[in-house]
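Protein chains in written order, with the numbering used here: chain A, 1 to 379; chain B, 1 to 379; chain C, 1 to 263; chain D, 1 to 319; chain E, 1 to 285.
Hints in this document: simulated from the structure, not taken from any laboratory.
This structure is a prediction, so every number in the text was calculated from the model and none was measured.
Mixed in with the good hints there might be a few duds.
To be verified - Taking lysine-lysine and the BS3-like style, the derived pairs with C-alpha atoms no more than 27 Å apart in a straight line are: (1) K93(D) <-> K49(C); (2) K257(D) <-> K93(D); (3) K165(D) <-> K47(D); (4) K57(E) <-> K165(D); (5) K182(E) <-> K163(D); (6) K182(E) <-> K227(A); (7) K117(D) <-> K279(D); (8) K184(A) <-> K227(B); (9) K237(D) <-> K3(D).
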Amino acid sequence: MTATPTQQANTFNPSPEAGSAVDIVRVRKDFGAAVGVADVSLTIAKGEFVTLLGPSGCGKSTLLGMIAGFVTPTAGRIVVDGADITGLEPYRRDIGMVFQSYALFPHMNVRDNIAFGLKMRKLPAAQVEQEVARAIAMMKLDGFENRRVRQLSGGQQQRVALARAIVIRPKVLLLDEPLSALDKNLRAQMQVELSELHRKTGLTTIFVTHDQGEALSLSDRIVVMNKGSVQQVATPIELYRQPANGFVASFIGEINALPPGRCEVKDGIASLVLPGAGPLVFPAMPAAGFAPGRQVRAFLRPEHVRPAAPGEAGPNIVTGKVDAHIYQGSHTITRVVVEGIGLVETRVTGSDIVAGAPVGAPLALAFDLGEAVLLDASE
Amino acid sequence: MTATPTQQANTFNPSPEAGSAVDIVRVRKDFGAAVGVADVSLTIAKGEFVTLLGPSGCGKSTLLGMIAGFVTPTAGRIVVDGADITGLEPYRRDIGMVFQSYALFPHMNVRDNIAFGLKMRKLPAAQVEQEVARAIAMMKLDGFENRRVRQLSGGQQQRVALARAIVIRPKVLLLDEPLSALDKNLRAQMQVELSELHRKTGLTTIFVTHDQGEALSLSDRIVVMNKGSVQQVATPIELYRQPANGFVASFIGEINALPPGRCEVKDGIASLVLPGAGPLVFPAMPAAGFAPGRQVRAFLRPEHVRPAAPGEAGPNIVTGKVDAHIYQGSHTITRVVVEGIGLVETRVTGSDIVAGAPVGAPLALAFDLGEAVLLDASE
Amino acid sequence: MRSFAFWSLVVALLTYMTLPTIVVLMTSVNPTEILAFPPQGVSFDWYAKAVSYPDFQLAFKNGLIVTACASTLALIVGSAFAWLIHHYEFRGRGLLEGVLWSPLIIPHFTLGFGFLLLGGAFRLQQGYVMIVLAHMVLVMPFVTRAVHVSLANIDPALARAAANLGASPWQVLTRITLPLVVPGMAGGWLIAAVLSLTEFTASLYVTGSRTQTLPVAMYNYIREYADPTVSAISALLIIATTLIMLVADRTIGLRRVLAIDTH
Amino acid sequence: QEKLVISTWGGNWKEGVAIVGKEFTKRTGVEVEYITGGTLDRLAKAKVARDNPESDLVNTTAHVGYLYHSDGLMEKLDWSKIPNAAKLYPMAKRSDYTVADYVYVYTPAFRTDLMPKDFKIDSWEALWGAEVAGKLGLPDFDPSHVIIAATKLAGVKPEEWDKVKPKLLELKKSIKAFYQSDATSQNLIRTGETPVQVLLNINGYHIQKLGIPIQIDVPKEGAVAGTDVWGINKNSKKKALAEQFLNIALEPEMLAKLCNFHKCSPMSGEAKLDPEIAKLPGIFTSQEAIEKGAIVLDDKTYATLLPQWKAWFTENMMH
Amino acid sequence: MLAKRPFFITFLAPAVLTAVILAAAIFEVLQYSVREFIPGSLNVGGFTLANFAALNKPIYWWVLADTFFISLLTAIFSLLASYPVAYALVRAKRDWVRSALVSLSITPLFTGEIVRTFSWMLTLGTDGFINSILRKLGLIDMPIQLMYTRFGVVVALVQFSMPVMIILLATAIAHVDRDCEKAAANLGASPTAVFWRITLPLTVPGILSGIVVVFAWTMSAFSTPQLIGGGKILMISNLAYLQGFSVLNLPFAATLSLIALVCALGSLALMKGVTSRIERRLAVH
Ligand SMILES: Nc1ncnc2c1ncn2[C@@H]1O[C@H](COP(=O)(O)OP(=O)(O)OP(=O)(O)O)[C@@H](O)[C@H]1O
Ligand SMILES: Nc1ncnc2c1ncn2[C@@H]1O[C@H](COP(=O)(O)OP(=O)(O)OP(=O)(O)O)[C@@H](O)[C@H]1O
Ligand SMILES: [Mg+2]
Ligand SMILES: [Mg+2]
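Construct the entire structure; sequences and hints are all you get.
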């Protein structure tokens, strides 16, 4: 997994007086009988970096297409900088976009590609030249001005596409999976550059990806979508720690879904009673989702399950049989089958556990139930 | 990062009497002036699961093609089960292969696809039927026998391709990036199935991937290739802990490459003297690569660099300025710029650090130099 | 608005393309010998005359024989050639390709003339041999192209997969490649057949009085008479080729065979 | 089952031959098959099929008949086997190989409704007149008529046609279009495309019958005569049948039938035409009448001059 | 990639045989073109270059020039008329519209030269469809001259070559990356600007190959100039036929046929040169 720097993820505070850059109001798009995007509402603040994240076909590109004007919404409104642009033709929108395939004009050189938008705006030649030069400098493309786009590497093409989109000083910058065609190393590098570009220009940016690592590391806020609907809108940390539903929980990172159980409080101690296994006890009264008598499912990340120390005992320690060790270098995921609970993964840094519990051997696990997310069992 | 179970990675012990399944002896393939594969030698034991790992274009498919007989080596020999098959035509080799695109026959249904190899071997119809039924059952394809391959999902297609390859009971099974076309979840699931299949059949398997996570979690041994040459052949743990060179170190997982420095021993204490920063001290005498006076580069994984406790002091503590926090859910990578050393990444589980050291603030890091890999500085 | 103007233009252009066809269909049912628009009634007399005219009957029979032989030969040779150039690089390939594609640009009358003289040189001017050869050479590029396109659309890994499963080259050819190019071959054959059936210029040279094909017979008729019998026979040809093309589009995808991908 | 194969033109010409053919079949029980085509393409194809001829009998234009036999494509006729040939005018025996059965003429004609009221063509000279400018239609397959007419006007022999080249070039301004066949000839005049035409009298009558107002004039210099001939293909395997056919074709009654059908002049005084037809301009009932009203060239002169004429004509007049 | 070449000879042999036959036919033309013409006879004489010398007359230059001119006009008008149809054919949203457009525009290709020429004769004649309609509508008194004109010939030839042009253009248009057009619109280009600055330049290779193919095709048109031109419009094919089957000068007909072949190949080579230079400049495909 590639990771790159961004502003500290939870430091973004859209100032209320800045106003919103984009308002998506109950937007919907049907393709015949199929639903592309179902009733999405979303407000994006000026300067914010928002990521649309979701599996293939969930409607990310369709939503982006509606903002750019390539897709006409079946219903709803799109407001940019306070103006309703729902019916506006794409070429009047002043919205920059970078396509997954870059869509550079193959019959023009780098300079002409970048200058295209400015020429369309009929800017005087001198100003065009100046702005293009600025964009070329900013994207470190000096020396490539006269190259054909086919003569550029993937990363350079990417930068030309970015330069072309930002040189028109768009109100919003849309990025549709711009990194998915790049290989691991280039991708890491471009993530860095994207994030620097955002810092430098302060452009309101909507970024599309289906790579959760990319989304977590780059975004101010993430919009998780599935089957055309928004599942959750939150900062990366909220998303990871407080997924709103089972889909988000499993889509972001690894997670153990415990079987449904009942919330109980006895003697001031909150516990989760699993039918097939003993009750699990919450270390403190859990905040969200806990209500006595409620049927819930607990979701617990592998890093919140640890192999119990030898001889350790307590309410949240269960014993199972090691199913497999999945070595991942920096850590190992150990899969343990626990009766009444099922497959439980625990994440162990380093590979020390490997020697201690071979496949098939019993292993005791301690659940850090305080970190569990409780969601409705019916989900 | 997707992780799936495998046999415990370091438990594979090829018994010497089993003999080797595949011997690749100084094989080379030139494409005109370009080198596809340069002088590769490799011995694979019976039943072993070996992965060829390397960046795009490093020669993985070419090597596989030579084993399968689609590519004629420019030089060298390929021996399978003791017989030299270098000049043998592909259809006489008895080697199973799963292609990246699956290469299922679109004009046949699932059953006919699986039966194809057996029919080519002119087996009696009854036996063909029986073997096909077995393979269908093993790959959980019951009910799909009469489907056209276009009517199958990606995972099902993958299983048909596997069934088709194993039903002929090949001497070796070759898998050329069979999972790269699948999405994250399906990929994880197929990794499980691949590993179960290997356990059940005990087939000697050569697996090609450019995904290091996949390689680490599935393989008995990994062959890291670059530019046509083998860089290192080792078990996953060896590879992660003892990369043979800078390429392997950076290709597998994340790693900090410290600037070149000199090994010194003073008063029985081994240290690494970096020109721009103070000396770093080894906790014990380092085993590999350390020799007094030698110029080396130390490679240190982010998990072996930790933020120092407040007030903590010692020889291996350096202070830098936080450049970025890269939130990844289960952990955060914090990038710190240290004078004289450069960018250093530290891996912190959870996101506790985030509040403590905002971007731009100073942060002290402790290097666990005992875990460093020392490689020749000239590399 | 803009799109209305555009589509009007498209409709106008299509009208231009189809106008002569409509005119022929109109005159073919016109009862009088003299042209008149609109037609003064509907009569199928000209059709009766056309199908009972012995020259047309003979020419139609000749045309069928020539077309069947020429397009089938072209199918066999063209498919083999397409397979060859898809798979192999060899010395002289450029020259061979150049010669075999050349009928696409060599004027048909030059070609027809050449075959006439060649027939004279080999005393083969009687019978169908030269006509069939000329037609075959003329339509072969269409077969080659159609088959070549289908071959290019086959995942090369399929042949490898089959070899890997133990199929010999012959088995790969018959069990994998052939079934997969059948649509391309069928489409190429159909196009070749229709082109051969309607070929005129080269046929004018190579056919004899007894072996003349339908277009040549029509040409001769147009020169001798001026009544709508030719309209009727033209109408029949137009209807037949249109039907064939519609069927081809339905069954094997005309667009694919002609390699127009419209996504 | 034996069949006699006859090579002739398509259309009405074939139907005319078929009149004889039916009679032949009636008398001999032998079927007749016709293969049709243009004058010269039939010659070209006969040449390439020299050893194994497609047909037994050839029906073609007299001067083209010369090309056939000079190229060895025809059998010498045995007049003793064709007794009816004796009843023909002497001019009908064109050579040892060919015999003519009728005469037609190429002559000017015009649409009375599309030309000025008092327009008429009493001399070939009229074609050069201002009233004809851009209205004249000529055959593209045979430029001989206007060339012969021009030599006649100039009073020189056809062989000296070089002298009339300037005169011919002046005709260019009159020419509207060239026709390739009888059908296009009829079309051109019927539609008024070329209100004036040098045409085959036979076509002219046909057009008149369709109700189109045209006037056919025989100029005082005479119309240009043409004759069609019969010959037996060299190497024909049915020579005897062919001779039998020829004999029937040359019977005065058959000639009369044929000429009534085509509206042309028979090569025998014994063949009696319908009086209606005999009256038509360009129809002759005796050898003297032919020689007086028409310009007749001998086949060899015609055949050798024609290629030069055509070449010159295509190169200078048609563009 | 394979060590051996299965079926190489088996599959090569028929192709080679066909190529040899074709080459022999062309060789016969070449052979006849250097033989002496014997007037009044169909036999040819010995070796001579006189036939080529005979070409040096204004008429032949005219006919060649006219052939070139008509072919070029046809190619250009065919391009102009085909582009909108090809564009509609590729870009129509509804599948049935695309199918209908394909059928309508491709089928004329298969009706053959004679049927189409005959149809145009009926359409363009003095009593033909167009004149009748115009007269009925009272727009004209005298019929307009459409037949026997260069205009009429080009009108028929353009329709004749449109199917091929449409196929080539449609393929080129289909290969234009739609994202490039979207990107241009996104950068502020109006639909018109998108077309002129993106779509059209990106289809230049298709346009060029269309022009080349139609040009070469039209060079060899025979029955259309013959029947619609009515002998007034001569193209090189008509001249060759006239020489061969009317003058019976087979050697000269062969010479003209050869010239036509050389012109077709030559213009193709010339335009290919231009095309590849432009393509290289555009670096497209
Ligand atoms: N033009 C269209 N016609 C019909 N259905 C469409 C069209 N465009 C998109 N869809 C459907 O709408 C849904 C959303 O598509 P969209 O392209 O927005 O997904 P996405 O999230 O961008 O996926 P990916 O990650 O694969 O790009 C999908 O089910 C898709 O099949
Ligand atoms: N047929 C060929 N002709 C020329 N060069 C080739 C050919 N096949 C492969 N190569 C070259 O050989 C090198 C190795 O290619 P190969 O396909 O084995 O790489 P790979 O490791 O499988 O890459 P990937 O991960 O992209 O599949 C590459 O540089 C490639 O360009
Ligand atoms: Mg998308
Ligand atoms: Mg590969």
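Going through the hints against the structure:
Restraint check for K93(D) and K49(C): not satisfied, since their Cα atoms lie roughly 39 Å apart, outside the 27 Å limit. Taken as a hint, the K257(D) and K93(D) pair is honoured in the structure, with Cα atoms around 20 Å apart against an allowance of 27 Å. A hinted pair counts as satisfied when its Cα atoms are at most 27 Å apart, and K165(D) with K47(D) does not qualify at roughly 33 Å. At roughly 16 Å between alpha-carbon atoms, K57(E) and K165(D) fall within 27 Å of each other, so this suggested pair holds.
About 74 Å separates the Cα atoms of K182(E) and K163(D), which puts this hinted pair outside 27 Å; it is violated. Restraint check for K182(E) and K227(A): the C-alpha separation of about 25 Å stays at or below 27 Å, so the hint holds. Among the hinted pairs, K117(D) with K279(D) is consistent with the structure: their alpha-carbon atoms are about 24 Å apart, no more than 27 Å. For the given pair, K184(A) sits about 17 Å from K227(B) by alpha-carbon distance, which is consistent with the 27 Å threshold.
As the CA atoms of K237(D) and K3(D) are separated by approximately 11 Å, the hinted pair is consistent with the 27 Å bound.
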